[in-house]
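Knowing the structure of chain A, use the given hints to seat chain B on it.
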Amino acid sequence: MSIRGAAHIAGVYEHPGRHLPDTSLALIHAEVAIGALADAGLTVGDVDAYFCAGDAPGFGGISFAEYLGINSVSYTDTTETGGSSYLIHVGHAAAAIAAGKCRVALITLAGKPRTGGRPPGGSGNVSTAPEFGFETVYGTSVLGLYALAAQRHMYEFGTTSEQLAEIKVAASLHAQHNPNAFLPNPVTIEEVVESPLVSDPLHRLDSCVITDGGGALVVVHPDVAKDLDRHTIPVLGHGEAMKHLDAGRIDLTHTGASSSGPLAFAEAGVSPADIDYASIYDSFTITVLETIEDLGFCEKGRGGAFVTDGGLVAPHGRLPFNTDGGGLCNNHPANRGGMTKVVEAVRQLRGEAHAPVQVPDCELAVAHGTGGSIGTRMGSATLVLGRGEG
Amino acid sequence: MSSLPTPNPPIDPAIAVYWAAAAEGRLVLPKCSECGLVHWYPRPFCPDCSSRSIEWIHSDGAGEIYSFTITRRGQGAYREASPYVLAYVELDEGPRVLTNIVDADLETLAIGQRVTATFDNVPEVEAALLRFRPV
Numbered sequence: 369m370s371i372r373g374a375a376h377i378a379g380v381y382e383h384p385g386r387h388l389p390d391t392s393l394a395l396i397h398a399e400v401a402i403g404a405l406a407d408a409g410l411t412v413g414d415v416d417a418y419f420c421a422g423d424a425p426g427f428g429g430i431s432f433a434e435y436l437g438i439n440s441v442s443y444t445d446t447t448e449t450g451g452s453s454y455l456i457h458v459g460h461a462a463a464a465i466a467a468g469k470c471r472v473a474l475i476t477l478a479g480k481p482r483t484g485g486r487p488p489g490g491s492g493n494v495s496t497a498p499e500f501g502f503e504t505v506y507g508t509s510v511l512g513l514y515a516l517a518a519q520r521h522m523y524e525f526g527t528t529s530e531q532l533a534e535i536k537v538a539a540s541l542h543a544q545h546n547p548n549a550f551l552p553n554p555v556t557i558e559e560v561v562e563s564p565l566v567s568d569p570l571h572r573l574d575s576c577v578i579t580d581g582g583g584a585l586v587v588v589h590p591d592v593a594k595d596l597d598r599h600t601i602p603v604l605g606h607g608e609a610m611k612h613l614d615a616g617r618i619d620l621t622h623t624g625a626s627s628s629g630p631l632a633f634a635e636a637g638v639s640p641a642d643i644d645y646a647s648i649y650d651s652f653t654i655t656v657l658e659t660i661e662d663l664g665f666c667e668k669g670r671g672g673a674f675v676t677d678g679g680l681v682a683p684h685g686r687l688p689f690n691t692d693g694g695g696l697c698n699n700h701p702a703n704r705g706g707m708t709k710v711v712e713a714v715r716q717l718r719g720e721a722h723a724p725v726q727v728p729d730c731e732l733a734v735a736h737g738t739g740g741s742i743g744t745r746m747g748s749a750t751l752v753l754g755r756g757e758g
Numbered sequence: 173m174s175s176l177p178t179p180n181p182p183i184d185p186a187i188a189v190y191w192a193a194a195a196e197g198r199l200v201l202p203k204c205s206e207c208g209l210v211h212w213y214p215r216p217f218c219p220d221c222s223s224r225s226i227e228w229i230h231s232d233g234a235g236e237i238y239s240f241t242i243t244r245r246g247q248g249a250y251r252e253a254s255p256y257v258l259a260y261v262e263l264d265e266g267p268r269v270l271t272n273i274v275d276a277d278l279e280t281l282a283i284g285q286r287v288t289a290t291f292d293n294v295p296e297v298e299a300a301l302l303r304f305r306p307v
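Going line by line, the protein sequences match chains A and B.
Start counting the first sequence at 369; every next residue gets the next number (the working numbering).
Start counting the second sequence at 173; every next residue gets the next number (the working numbering).
Quick caveat, the hints were computed from the structure, so don't treat them as lab data.
Treat the hints with care, as some may be off.
Stretch by stretch, here's where chain B covers chain A in the computed footprint (C-beta under 8 Å, at least three residues) [unchecked claim]: (1) 497 to 508; (2) 519 to 527; (3) 558 to 569; (4) 607 to 620.
All C-beta atoms in this analysis are idealised placements derived from N, C-alpha and C, irrespective of residue type, glycine included.
Looking at chain A on its own, in the form it has when it is part of the complex:
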């Protein structure tokens, strides 16, 4: 069974807040849910499937279904793969819709890492995780583990800090057109490479922002989509993958995108060359570089050359990416960037991105998520989305 065209994204919403000291985590979930349903032209009473991940505390998805007022759930999924969870949820929702299990699926994300304490943790925070005694005790950090990947990529392929900086620069050029962006000012390659080293070879400006906020998606059966006034976006392909230490054989120069990407492209029946716009998970600059290679936009090891000279800058670069400013400059709510990746891809396909970065005739988009760490273990997810009929 293929999910190609079996479901449409009918509603999307990104919370405009980046600093929300007086809004509870639960209320952010509610505000984004209401926003996405309103975008679709649906109500909470229409929802029959609810999806959430580790950023939604309580009893599985049930606490939040209750809080949101979703009273008739015939399908639920709390897949937790860090920042990529929400792309996996879209794929699972499409499969469930194709199988007749539900017709209107709601996916929510919210977090308050700026003002509300701890973000949802990775495995390193849990001492009963089997890897804990062999990793966390060595002073692992999020940035440190990504830095290990960057260092190895530089060693094998000659990738430079300046090339990584190009990725931040492109994101910042896009963010200047987004009035909600956390970092709205363009930066230069020099500013990136001269920002403080946090974990060699990664600098402070190689990193994403830390923001409060959230987002939500509504995925519906095509028959539901047909009756809506809103431009809905068909889900054409989905792929997901786990990549981990592999018993000690870990290769730090590629990510799970090398598995999830081909699955998504094959299901959609398209190739990377067909893609007009890409939302690429951007926890750090190296995340983008390796992912671009792994998804097949260029050969392995050639990512540095690919991003150079504005390769990622919209609307006319080789691969316009993250036109909202991405996690690097715009928003990374709950320290998880997957939700906003889908939201911006939908904006591009609807023709609703900010005008200076709208890709002309955008017909095919990719959204890719990377959860966990490319330095150890990750959940990867790729979606191929189409423009549909408008």
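Coordinates of chain B only, in the frame set by chain A:
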């Protein structure tokens, strides 16, 4: 002993052999008696073929740096220890091991550099943390 923090690892009794050897300053590695895989991190079964027949082989602790980073701002106990080196070392037996490099010149540290195992005992349990120093 290096000067890095030595947090207590949780001890899984199923791999007590590993921790007991470490506490004595010896590196043993889990090797599958059926398919021959030497795996990391240690489990009492083979992650390739699921055999429960694991032999704990002696290792000289020799290897080379597969990747490394100088962490400038550590967290928790490592905040005071910064800067310090987080690394993957590829053991001569094959597995790549997440670890710290200690007693190293940060200016000349390099991928491919030969290193050897050193153990830091932890205070509260019979165990030690496997670290490496340049040869």
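Hint check results:
1. 497 to 508: holds (count 11)
2. 519 to 527: holds (count 3)
3. 558 to 569: Holds: 6 residues of the region 558 to 569 of chain A have a Cβ under 8 Å from chain B.
4. 607 to 620: Satisfied; 6 residues make the cut.
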